[in-house]
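Work from the hints to combine the two standalone chains into their complex.
Chain order of the listed sequences is A and B.
Residue numbers for the first sequence follow the working numbering, so the first one is 63 and each next one is one higher.
Residue numbers for the second sequence follow the working numbering, so the first one is 1317 and each next one is one higher.
Keep in mind that the hints were calculated from the coordinates and are not lab data.
Any given hint could turn out to be false.
Stated by the list, open to error - No farther apart than 20 Å at their CA atoms in a straight line, the calculated lysine to aspartate or glutamate pairs in the EDC-like style are these:
no.: 1; chain 1: A; residue 1: Lys-181; chain 2: B; residue 2: Asp-1409
no.: 2; chain 1: A; residue 1: Lys-181; chain 2: B; residue 2: Glu-1401
no.: 3; chain 1: A; residue 1: Lys-181; chain 2: A; residue 2: Asp-264
Unchecked claim - From the structure, some residues in chain A lie toward chain B, with a derived Cβ separation under 7 Å:
no.: 4; residue: Ala-111
no.: 5; residue: Ala-130
no.: 6; residue: Val-246
no.: 7; residue: Asp-440
On a predicted model such as this, the values are computed, not experimentally measured, just so you know.
Glycine included, C-beta positions come from ideal geometry on N, C-alpha and C.
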Amino acid sequence: MSGLIDQALAERVLARALANGGRFAEVFAERRQGQTLAIDERRIESVQAGAEEGAGVRVVDGATTYFAHVDGLDPAELERAAGEAAGALRAERTEPRPLQARDAVSLPIERRPEDVPAKRKAELLRELDERARGRGGEIAQLNASYAEARREVAVANSDGLFTGDDRTRVRIGVQAVARRDGTVETGAETLGAHRGFELLEDDPGQIAEQAARKALTLLDAVPAPSGSMPVVVGGGFGGVLFHEMTGHGLEADHIQKGASVYVGKLGERVAEPLLNAYDDGRLPGEWGSDAIDDEGQPTQKTKVIEDGRLTSYLYDRLTAERDGVASTGNGRRESFRHLPIPRMTNTYIAPGDATPEAMIADLDRGFYAVSFGGGQVDPATGDFVFGVSEGYLIENGEVTSPCRGATLIGNCLEALAAIDAVGDDFFMKTGICGKGGQKVPVGTGQGHVRVRAMTVGGTER
Amino acid sequence: MTELSAVARRAVEAAAGAGAGDAEAYVSREGGRQVRVHGGEVESLTAATQSGVGIRAWSGHRVGYAYGTDLSDAGVAAIAARAAEAAAVADEDEFAAPPQPAEIEAVPGLGDPSIAEWETARVAELALTVERTALESDPRLVGVETAVYADSDEQVAIASSTGVAGFYEASSAYAYLSALAEGEGARETGLGFGLARGPRGLDPEAIGAEGAQRALAMIGAGKPASRSCPVVLDETVAASFAGLIGGALSAKAVQRGRSPFAGRLEEEVASGAFALHDDGREPDGPASAPFDAEGVPRRRTALIEGGRLRTYLFDTYTANREGVSSTGSASRQGYRSLPSVSTSNLMVGPGELSLEGLLAQAGEGVYVTDVAGLHSGVNPVTGVFSVGASGRIIRGGQLAEPVREFTIAGDLVAMLGAVSAAGAEPRWVPFGGSVSTPPLLIAEMAISGS
Chain A
63 MSGLIDQALA
73 ERVLARALAN
83 GGRFAEVFAE
93 RRQGQTLAID
103 ERRIESVQAG
113 AEEGAGVRVV
123 DGATTYFAHV
133 DGLDPAELER
143 AAGEAAGALR
153 AERTEPRPLQ
163 ARDAVSLPIE
173 RRPEDVPAKR
183 KAELLRELDE
193 RARGRGGEIA
203 QLNASYAEAR
213 REVAVANSDG
223 LFTGDDRTRV
233 RIGVQAVARR
243 DGTVETGAET
253 LGAHRGFELL
263 EDDPGQIAEQ
273 AARKALTLLD
283 AVPAPSGSMP
293 VVVGGGFGGV
303 LFHEMTGHGL
313 EADHIQKGAS
323 VYVGKLGERV
333 AEPLLNAYDD
343 GRLPGEWGSD
353 AIDDEGQPTQ
363 KTKVIEDGRL
373 TSYLYDRLTA
383 ERDGVASTGN
393 GRRESFRHLP
403 IPRMTNTYIA
413 PGDATPEAMI
423 ADLDRGFYAV
433 SFGGGQVDPA
443 TGDFVFGVSE
453 GYLIENGEVT
463 SPCRGATLIG
473 NCLEALAAID
483 AVGDDFFMKT
493 GICGKGGQKV
503 PVGTGQGHVR
513 VRAMTVGGTE
523 R
Chain B
1317 MTELSAVARR
1327 AVEAAAGAGA
1337 GDAEAYVSRE
1347 GGRQVRVHGG
1357 EVESLTAATQ
1367 SGVGIRAWSG
1377 HRVGYAYGTD
1387 LSDAGVAAIA
1397 ARAAEAAAVA
1407 DEDEFAAPPQ
1417 PAEIEAVPGL
1427 GDPSIAEWET
1437 ARVAELALTV
1447 ERTALESDPR
1457 LVGVETAVYA
1467 DSDEQVAIAS
1477 STGVAGFYEA
1487 SSAYAYLSAL
1497 AEGEGARETG
1507 LGFGLARGPR
1517 GLDPEAIGAE
1527 GAQRALAMIG
1537 AGKPASRSCP
1547 VVLDETVAAS
1557 FAGLIGGALS
1567 AKAVQRGRSP
1577 FAGRLEEEVA
1587 SGAFALHDDG
1597 REPDGPASAP
1607 FDAEGVPRRR
1617 TALIEGGRLR
1627 TYLFDTYTAN
1637 REGVSSTGSA
1647 SRQGYRSLPS
1657 VSTSNLMVGP
1667 GELSLEGLLA
1677 QAGEGVYVTD
1687 VAGLHSGVNP
1697 VTGVFSVGAS
1707 GRIIRGGQLA
1717 EPVREFTIAG
1727 DLVAMLGAVS
1737 AAGAEPRWVP
1747 FGGSVSTPPL
1757 LIAEMAISGS
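With the rest of the complex left out, here is chain B (with noise of 0.2 Å):
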């Protein structure tokens, strides 16, 4: 047994002892380095390790939770304690129940030797090519307002007292540019990135080029007229709008009426051109790994297929209260939370379209490369949207003049209804969680601008 797994044990043991009917832990250690360059030089260098424990505790239908950086014997004790106490407060809940053990098969290659084979003097370089390569681009490019390469090793593991037990290790390591371009009296901006299990499977250069590019191809912007017609989005903004999607499907926001796709099970709800899956085992996927926040396996679960909503995105609770089995879909932001429903790698089918083709077919209309308010700009609830845009002009099929200051809205589900096609090579892009998609052309958009 790991060292991790004898802490969730011990955790487990000593919530009973304080008073709970069942428990469970889940236990983290994570080791990282992140180096941030400016201007040709390390400005940060920072080694970091954290570790916790966050316990789960019921008392009959009755759940509490309590976490903390102390694993010590006496510390976990005093963390089981508090979640013991935290389960009184809470209400009676006749489907809140501890998961059931499960056979847990493991996910080969989450973890990349080159994290520990790479010096830091070696990441640092990884991260100082990104900034020269956009640097060295183009005389316009004035800039990098940083430059970082980060890197982490986790390791994971969980027990109950109902048996379940399971142990993973998973690295993760990025880079990302933001590329300053100075021209016609204003500066524009452009992020280049690139995600791997370890710095081997970094490509510096094309991350510094494709940040210059991005903020190349933005010079000389302007507002575009307010209109309505088709619209291309790039790989990071039709992943924003997944992940925006994926929230949606989850069991809970549906179960508590805050949901667009709300009573909508096997309705048609987009475009055949659409297809969402989500598959926390896929090997290339930054969020894999063989079970989920509360130790039920990860699987694939397809979620939009032929236009229909096959299913929701489940958790153990959300499943008790549907009367279905967990998806595998529990997730949390480290120890100090509680599990929640939410997507692991969702994937946007590809279709058969280069990107030329895509805006070959959009004709007249906009493609959109980046998009900024997302937060403040969706109503997850209704599906309602209104956010800032910018990206290029598309004309006779072809790209043309850049555009900015803009917005783009309408509503989520009828935008996956427009959806006329999707491009043939998908990329696995940071937000929205952890997501791959293809970009995608939708049939109309209604844009805001001068």
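This is chain A alone, in the form it adopts within the complex (with noise of 0.2 Å):
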């Protein structure tokens, strides 16, 4: 963290950002560095190097948060900056306490991304090319992205936390299209972590076949099915479910802003016994882990469902002062020029002791979403919607026929108190969360889950 801001200019900052008064400042000093390329028919292009440097001031007084961002480092500005953020202020000048450096050991990194040629991850891009063409000549299209990004933080606040971390994430994606006669269908896949470039020495070809085989999967499906009935969710991006219809609605602003269908609900039976869920922003490697918050404070692991009781909410600092409760380590912002809010790091239901093949067998009729596109929820109704990207019909306690264009659909309350077995095949996969116009990396995660009744969107009645 010295290596963004030295204690005494952070220590100058802090007391011009209290000058005017307030009752709380902070200094959020960031470096940010990256680099991306794709490959799409078959050549590599969108070869792109980033840098960037800059630090975001806050100050609180009373309800309200005044913030300022510049870019560059430089001390002059980081002090007109925090002057601009006490601007509004007209009060009596407040004194930051000294600081007291404290380390938090960063995620370990075993092969820096940076260090490794660029030429090499563009080998490995033509690698996923090569295996997704080789499932095949039905296989069309195929684009894929590798992304590496370094973010190092430092914190200091006027509570005397003074600390830092140094971030670093690697991902891959796969688009394949495939085509025959006039059918086209795409299938994806992702590959991510908070590691260095050591998560694509074990095959990451892999993910370019999975992307390939969906694609090709889905030129053999029919129109997906409409209407109520039993859905079986797959593992992993699967959690994506829970991060949207759960996790959100546990975020301590929506609760306080009574845009919340959890609001009032803690301690009370939301779900079935058998469901106990996390969220882990200290899970080792994981897409959405880090050491520290983007507010310094330590991440950790929340039981947020107990048995099926609802046991904590999600907090940021400020969101916990209100609450009288201590953080949980989610105040999180996408980069310098965002205020921290409360967000979810890694979220997942802990895994269960049915088997995907029971929970499939018992079915009559059903939907079986192996994965989702994606989704998005309206904490306040509750309202959430998920398109599939792989699933198929499940008929007389098998899965049969694979569909296209289905999207999932309910309420929050509804769907999480329906979910009736839950798998014990767990694992993790990665996502993007938005929220309040900041995106930032979360992982999701589950083994096999399934849903009572839910809509189907398609177009078949």
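Written out as structure tokens, the structure reads:
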């Protein structure tokens, strides 16, 4: 962190931020570096490198936050930003506490991606291309991307906290297009982690094959059914179901504004006793993990549902203060250009004891949503929707035809209470979550999960 | 020459010095502020400045890109060197070439002095008025989750080794709220918004009233029965779909076989009631500018006329590949991104009917006022979609009870063919890009509910 902002400067900035009053001030400094490249039509393209630096200063007084951010880490500019943030305040100067440097232990990176030659990353993309096309001539198009990003952050605040983190993430994504006569279908897959290039040393080509397999499978798809029916949701990214259905509604800013269906439900039964769920920002190497959140609070494992009862909301500093509790280390921001707000890290349903086979075998008719393209929720009303990227009919206890164009829709509280089986085949996947105009990396996970009834919105009656 | 233009020139020279055959630099500087209010108080006040440069370097027919925030001489030189290095990693592409300069004509009225004139306290009052108007509208309006005012003033300069040189400044302001209404045991949300070049162009009472009215209208909503029926899309929903159509008309998607409109040029792709054009110089358009993200003049491009597909949208690369001229349709998400083909101001042609007229013509159907899950429920390659929706039942040609938790499904091209009328009053909507559209009547769509 000292590479970003030294202690004396941080102290000057905080003093300047509180010069016109305020009960809390913070400076968040950041250096962002990244590289991305892509392959499309068998050509390496969109080769990009970026480097940005900057800082955000906030001052809190009463219920109001004053925030200013600047590009660059020039000391004079940082002090100017502090002055700008404090500009609207007219109270007595308050004094920050002296800073106490506290080291956070960043997640280990074995092989720094910036030390890997770009040509090697290009070769990796060519390998993905070959592997996907190797699945047959019906793979008509393939595009894949590689992205690495490093965020070095430092946080200093008027309570005397001075800490930092060094975060490196690597992610690859593949989209395959399959074509047969007039039918076109797509399949996508991603692999990512809060790790270095070591992530890609163990057969990353398999994700290209998976993307190709999805696209090829859909060539035989029938239009999705519509209506209410039992739904079995696949493991991994199936966890986006819980992320949207429950996770967002537990973020304390929504709760405190009355804009969540989980208001007043703490301690209450919201699901069957078989359901246990967590938000855990400390999972080693996971996409949504960090050593500290973007307010300098160490990340933690928070149990949000225990045996079907709601046990905790997710807090950042200000919402925790308002509720008189401790932050759960969920204060995250996209960059120094944004204010921290309560966000999920890695959210998951803990493994249960059912097997996917048994869940499916029980059903005469149902829908099997193996994976989603994504989802969306309005936490205030609880209405959610998920686009199914790979789905099948379940008929007489067996998985039958693949379906195209399915969407799952429902209301959070009803659907959460309707989960009647949780599988033992747990794994995690990566996602990019948007809220309030800010995107952050999040992990989602679960084993297979069955929902007693959900509305499938397709085109078939 | 402006300071930004000088930075752009310096960046182009630095790239040449780093070994690039050709280079282009895009420099932007933006100042902005945002006020969020809640419960009659200012919740947060943000003052922002940001600036940066993005450099595209060509080495023969290889292209590389680098960007950064350090605009000092040494900083720009380092970014230029990284762009040249990046070019060495890319594969040869015979159509990759820098744009040639063309005469650029200014677009008047892109700036609004009221941004500088209105002090922060005054724009905070605007946001508070948005919230208060909603809260005072009805006792069932129990809260406002968030009400926001934001503005920004952006300067853009571009320069290239082929002689492209341009500069413009544009401002924008918007306000919105998410209102919460309660009734019949449930909470409902309603969005109200307004867009302008500066705060004086916004009507806070109208924005607050719209959010309140949308939330109140949803009280007591139930699930509609599954059916196929006429559907009226309000402006916000029509804009979201227009944005998807605009994306599928990008020549990049078409050339790479990832668009439902590939190979359909001059074919009938829509009913005669649906006309679509893109206009990067429209005086009221939020995305208007004299030139696009690679310095090519913005212009008006007819996309769908008389039901026929007239052209795709091209940037320099896709135009070279097709042997045509760029339509000035390169866009970027600021200096951090490479230019890519996208719409500027997408405009759906108005028809003759009022909203009441559209509802009357629909007879028995559904009026859709909100859609959710567009990023996951639409396949842009095939055009097949199924998205969450809410709105009102249309009965006897009039609005009846509210409905939610249903999906509308179909495919984009079939939907365009089924547009039976467009409303007479278009509105600018910030969804799907920057879109101006009236409400649209679709003759038949699949509704999946209970």
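Quick rundown of the hints versus the structure:
1. A:Lys-181 with B:Asp-1409: 17 Å, holds
2. A:Lys-181 with B:Glu-1401: 11 Å, holds
3. A:Lys-181 with A:Asp-264: 18 Å, holds
4. Ala-111: 4 Å, holds
5. Ala-130: For Ala-130 (chain A), the interface hint holds, since the closest Cβ of chain B sits about 4 Å away, which is under 7 Å.
6. Val-246: The hint holds - Val-246 (chain A) has a Cβ within 7 Å of chain B, the shortest such distance being about 5 Å.
7. Asp-440: 6 Å, holds
Going through the hint list in order, the structure satisfies each hint without exception.
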